[in-house]
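Q: Quick mapping for you: the protein sequence lines, in order, are chains C and V.
With the first letter of the first sequence counted as 1, position 27 gets the number 27 in the numbering used here; the numbers rise by one all the way through.
With the first letter of the second sequence counted as 1, position 55 gets the number 55 in the numbering used here; the numbers rise by one all the way through.
It is worth saying that the hints were derived from the structure and are not from the lab.
Here a beta-carbon is modelled for each residue, glycine too, at the ideal position from N, C-alpha and C.
Hints are not guaranteed to be accurate.
Listed next, the in silico EDC-like pairs over lysine to aspartate or glutamate satisfying Cα-Cα at most 20 angstroms (straight line) [to be verified]: (1) C:K36 to V:E88; (2) V:K58 to C:E42; (3) V:K12 to V:E88; (4) C:K36 to V:D45; (5) V:K56 to V:E88.
Here are some of the chain C residues that sit facing chain V, going by a computed Cβ distance under 10 angstroms [to be verified]: (6) K20; (7) F86; (8) L89.
Number of protein chains: 2
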Amino acid sequence: MNDTRWSKTAKKKAREAFEKAYERECADLTDQIRAKAKAIREPSDIWNLHDFLMQKRKEVDDKYDYRYSMLDFVFARLIKEGWLSFQELEGIGDDNIVAEARVSTIV
Amino acid sequence: MNDTRWSKTAKKKAREAFEKAYERECADLTDQIRAKAKAIREPSDIWNLHDFLMQKRKEVDDKYDYRYSMLDFVFARLIKEGWLSFQELEGIGDDNIVAEARVSTIV
Numbered sequence: 001m002n003d004t005r006w007s008k009t010a011k012k013k014a015r016e017a018f019e020k021a022y023e024r025e026c027a028d029l030t031d032q033i034r035a036k037a038k039a040i041r042e043p044s045d046i047w048n049l050h051d052f053l054m055q056k057r058k059e060v061d062d063k064y065d066y067r068y069s070m071l072d073f074v075f076a077r078l079i080k081e082g083w084l085s086f087q088e089l090e091g092i093g094d095d096n097i098v099a100e101a102r103v104s105t106i107v
Numbered sequence: 001m002n003d004t005r006w007s008k009t010a011k012k013k014a015r016e017a018f019e020k021a022y023e024r025e026c027a028d029l030t031d032q033i034r035a036k037a038k039a040i041r042e043p044s045d046i047w048n049l050h051d052f053l054m055q056k057r058k059e060v061d062d063k064y065d066y067r068y069s070m071l072d073f074v075f076a077r078l079i080k081e082g083w084l085s086f087q088e089l090e091g092i093g094d095d096n097i098v099a100e101a102r103v104s105t106i107v
């Protein structure tokens, strides 16, 4: 896996898929935050929400790594977690992502 | 200011006032969190909410210091910020809190 594999079109599609997944995950996170905010009954619920956001921020920061050397693994994880479909990654490059994702979903 | 000034009754009243202020401030914070959660439109709003909670947690942790040597200052600040009234601190001890609060509100 290296940069030379990525055509201009593949880079454009990869960026779009990456951003789509990020938006979906953040929209889902927003729903979770709203539900937790609504359910606050005592001060400890506030600090639990803070802990939750701290953990999610780290998780999201680690996950959305847009280095071409990492994208196969990133996309495989996003497929495994349901943020992208195989179809949405068609035309992005070789079969590494699909192979990686299939292994991930089996594990 | 030292522990010897605090009678059993004064300690009980101080604890009640302290907890009342904490509950009020957390209830207000809950309202702010719900409003911010409702207003999330893009991912950066999520991370801004996390920053906000981090700052508030530190502020609240620092403020609610229940050492008898600190209580005059703590109560003075709570009065200044509107979380307690002078009336709610009646019978707690000497006039140090009132004096401290009056100075704080002038500054």
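Q: Does the interface hint hold: is K20 of chain C within less than 10 angstroms of chain V, judged Cβ to Cβ?
A: It is violated, given that the least Cβ distance between K20 of chain C and chain V is near 13 angstroms, above 10 angstroms.
Q: Does F86 of chain C pass the interface check with chain V, least Cβ-Cβ distance below 10 angstroms?
A: violated (25 angstroms)
Q: Is it true that the CA of K56 of chain V sits at most 20 angstroms from the CA of E88 of chain V?
A: violated (25 angstroms)
Q: Check whether the Cα positions of K36 of chain C and E88 of chain V lie no farther apart than 20 angstroms.
A: violated (33 angstroms)
Q: Report holds or violated for the interface hint on L89 of chain C, using the least CB-CB distance to chain V and a cut-off of 10 angstroms.
A: It is violated, given that the least Cβ distance between L89 of chain C and chain V is near 22 angstroms, above 10 angstroms.
Q: Would the pair K12 of chain V and E88 of chain V pass a check requiring their Cα atoms to be no farther apart than 20 angstroms?
A: holds (13 angstroms)
Q: Holds or violated: are the alpha carbons of K36 of chain C and D45 of chain V at most 20 angstroms from each other?
A: holds (16 angstroms)
Q: Holds or violated: are the alpha carbons of K58 of chain V and E42 of chain C at most 20 angstroms from each other?
A: holds (18 angstroms)
When held up to the earlier numbered hints, the structure conflicts with 1, 5, 6, 7, 8 and fits the remainder.
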